[in-house]
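S.K.: Residues per chain are reported as follows:
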Amino acid sequence: MADETLLEVCNLRIEATVYPPGEKPQTLVIVKDLSWSLKRGQVLGIIGESGAGKSTAALAGMAYGRGGVRLPAGEVWLDGQNLLAVGKAALRNVRGRKVCYVAQSAAAAFNPAHTLMDQVVEASLLHGVCNRATAENRAIRLFEKLGLPNPDKIGDRYPHQVSGGQLQRVMTAMALCPEPDLIVFDEPTTALDVTTQIDVLAAIKDAIRDTGVAAMYITHDLAVVAQVSDEIMVLRHGELVEHGTAKQIIESPREEYTQALVSVRSIEHEEKKPSTQPVMKVKNVTAAYGGTIDVLKDISVEIHPGQTLAVVGESGSGKSTLARAITGLLPPRKGTIEFDGRTLSNALAQRSRDDLREVQMIYQMADVAMNPRQTVRTIIGRPLQFYFDLKGEALDQRINELLEEIEMGDGFADRYPAELSGGQKQRVCIARALAAKPKLIICDEVTSALDPLVADGILKLLLDLQAREGVSYMFITHDLATVKAIADSIAVMFQGELVRYGPKSEVLAPPFDDYTDLLLSSVPQMRLGWLEEVTKSRRMASGGN
Amino acid sequence: MGSGLWTLIIQRLLMGLGLLLAVSVLIFAGTQILPGDVAASILGQSATPEALANLRSDLGLDQPAWKRYFSWLGGLLQGDLGTALSNGKDISASLGKRLGNTLFLAFWAALMSVPLAILLGLLAVRYRGRWPDKLISGITLTSISLPEFFIGYLLIYFIAVKTQWLPSVSTVYEGMAFADRLKAIALPAITLTMVVLAHMMRMTRAAILNVMQSAYVETAELKGLSAFEVIRKHAFPNVIAPIVNVVMLNLAFLVVGVVVVEVIFVYPGMGQYLVDHVAKRDVPVVQACGLVFAGVYILLNMVADIVALLSNPRLRHPK
Amino acid sequence: MFKRIPLSALIGIIATSTFVFMAVFAPWIAPYPMAEIVGGTWEPSSAKFLLGTDNLGRDLLSRMIFGARTTLTIAALATALSFTLGATLGFTAAVFGGWVDQVMSRGIDLLMAIPTLIFALVVLSVLPTTITTLILVMGVLDSTRVYRLSRAVAVDINVMDFVEAARLRGEGRIWIIFREILPNALSPLVAELGLRFIFAVLFLSALSFLGLGVQPPEADWGGMVKENKDGIIFGIPAALIPAAAIAVLAISVNLVADWILNRTTDLKGGRG
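Protein chains in written order, with my numbering: chain A, 1 to 545; chain B, 546 to 864; chain C, 865 to 1136.
With the rest of the complex left out, here is chain A (with noise of 0.2 Å):
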């Protein structure tokens, strides 16, 4: 029973069309040929970048294509059928009893009008896997292992009245409810809180295990999927790069793709010693939206000249806020900004054109961040032009030398932004932090929107930057493993206020406060076997209590 394969997929090849607007409709090939099996009660990892098809091809798995997906050609064996070619009406009585979905955001996927349990059962129902009291019995159960609170009262709640990580258990208890083969997960930690995550993580591999059903989980977080995979599929561009055990993948990876995503934030950075002289002094600053809640309390920290100060902490902690308060978008209601010696003004308006030029920002989606009717020499030289009056020969002359800092060519001087890719968008922000000359810049999750490799290429370019430029910091982020890549010094945020803060030597080292301690073991690390670490050892301290 436990050898024997249940998903076979031969060949499979997945086409999409496209209507560009003006243009004829385009055929798009996003699954050329690929073949994969599984076996039963086994757990496949699909990982890729965004565009690399991983979940295009894990919802074939189902015979389905969502949009405008077609499936020409291949083969998808599931128990004997070829799903493929057994027609709509047997389908219908595969999808939902022998393989169950559960996508990234289930506060999109759960039905807003019907109650949860509702929703949990239907499928069972539907194919008469067994009557509704043992079905809601089950349902029950189900949220209980899942860790969900009062498992017997959550069902009769509507999906907007639990939270997103309660959800993705719901979620992840309707696919399980009708015990069906196979399950699709489709990024369902992806957008949760780290700390949130890793307990989803550890209740769907619990889940599996004791139910034995097979899965295909698919991520683009190769430390997440090592996690609960026995098998790893590693897709790029719609192709196969490699497929192996999770073990062979994490520890010895045989291409050079896989190598790099196995290496990626591995980047090593030493730390620096703090000056006397910081080039920023935040004192006391509280700050609030609007109202009387003090989204800010009373924060202090300094940034040193050619380092890089980490702010982490995540939704809701503040962190991009403190950023706000800095740069006068949100005047503190308390406190002091302290740079280069003297006193900022706490509003915006107030402030020197050299107060605005000496600390830039950097925003987390560069999309957003460039006005898209502008090519890039207008993005980049309008700060040169504005700070410090160059024109023509001279302006063309350095926007080509900022262009080379972050490894573009001139040939770009002329693009609009649509016209560049994530990578690219991003680096054109920097270089229009970079032409006003900043002392400090403030990074707000300027790589969180990015490929796991892209955005190491970033990090390895600011890195550079500040080696070069002697500009500092402040680097906002949710993602420890960045911070560890970047920092010199680590600041700590949670609900407004600052947990934890020094030197990135100190901050990382024992002992924990218990928040700090929280995030850091939280962040999924690149090696089998560390979340059965991670949750025994929270287990035991949550016994010890």
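What the hints contain is simulated information worked out from the structure, not anything from laboratory work.
Where hints are given, some of them may not hold.
[To be verified] Okay, the calculated bits of chain B under chain A, using three or more residues with CB under 8 Å as the criterion:
hint : region
1    : 730-738
2    : 749-761
3    : 764-773
From the three backbone atoms N, C-alpha and C, an ideal C-beta is built for every residue, glycine too.
Start from chain A and add chains B and C according to the hints.
M.R.: Positioned in the frame of chain A, the structure of chains B and C alone reads:
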């Protein structure tokens, strides 16, 4: 149902009432404060100053504007809309009959256009991107650009004059048999239907597409539900509110479209009544008609809003 | 940028330009004067009168050509007014925000609570029916829609990171409105310009048809439908000609506006 929802609905009702009051001020101000003198326009250019002054005091025009507004509003609340300047008849009585005729016409136009629009909208979604969808959207684009009288006279020319299937003039009178009445309003009702159909269908299509492309519909498909079940259980509960909204907005649009259509078919409704008295500069009638039209318009918009509130599960089941 | 013009847009452009040409050169291309009786009542189409004659025996083609001039001019001026007014107020509300925005937006909400045609009829019952009044009434009432759109577009753009970046750079309000917001707001506004113009043509024609717009003997398309409508029941389709002209003009402007909107949306930023 949560109390929060009731608060919102009551708020919306009060807002509608407030809006109606504000609109009455606006309509009153629009006719009273702007240049032009009712008395002068009644008596014409040959009027003597004494006659003018007499008429002014008869009409209460020598009173300050706010006083006149409140006495007008007071009358309104008691169902007294005053008398027409042009013929001295009681406005409430003439208006009541004509409002009945207009609503009769609008009702039958709605009865034809709403199911047709929803059906065509569904069809466009079902065959999205294929020729039925393209055909429907092409016709939509065209018919949005057509003036009401073009459709109206085209129908009269071909259906009433050339083939003589239906009457070209929609005469209705009291005691008329129901079937004859229906026959009389057939052409104007068809015209109105064509005027609002395109809009309603386009908006219905967008509303349904929005729901059909949502992740929860995909979830339902992946549970193995049949297309019919997906629509019945998962799309329908979420699509009702936007469709009702669309329908209400278009009924509001239809009630306004009635004005021109009634003139085309010489139909004795509110629109015809309003237009006649604008030409005669009979201000009290114009005010009354304007307020009734605006009231119906505001009411339909309010119903649309309340339906949207009622069908929002976030409001129905608060945290 | 203009490399591919789809057939529908081409038809739209050609038809629209023809009408504009007729309007501009009306006195030179019309075979007869506008208001002169040159033949019998409702003469059918002939070599002498290409489109026949109207209810008083005037040449229908000449009146159509002069009517194009009246209809297009009034509609264009009303559109210009509604755009200037609506866009200025809308942008001001978006960039200033706060109470300025609140006061203006609530006022507009109130105006929009009354259907445009009804409000126009109420106002026209006391105002003199001149062309200036018509332009003012149409322009002011329609500016509410332009206000809503331009405010919404500007508010959307105003919160984008690139506008924030410009603010952090220290740019003034003028730069932000004209260099950051306006270029990005232009394409929806231009497409809206077409729709507003169509609305103005239809609205003017409706008013004239009801006898409350352009007054005789001046020729305009809506009024010509009114003049000739009694012929319909005798099987004389003269009224259908100006009505069809209105429809063709509206459709062709719609086609052009549609194309402009489609052509410019693909320039928007977006990942991948």
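S.K.: Under the constraints set out in the numbered hints, which ones does this structure not fulfil?
M.R.: 1
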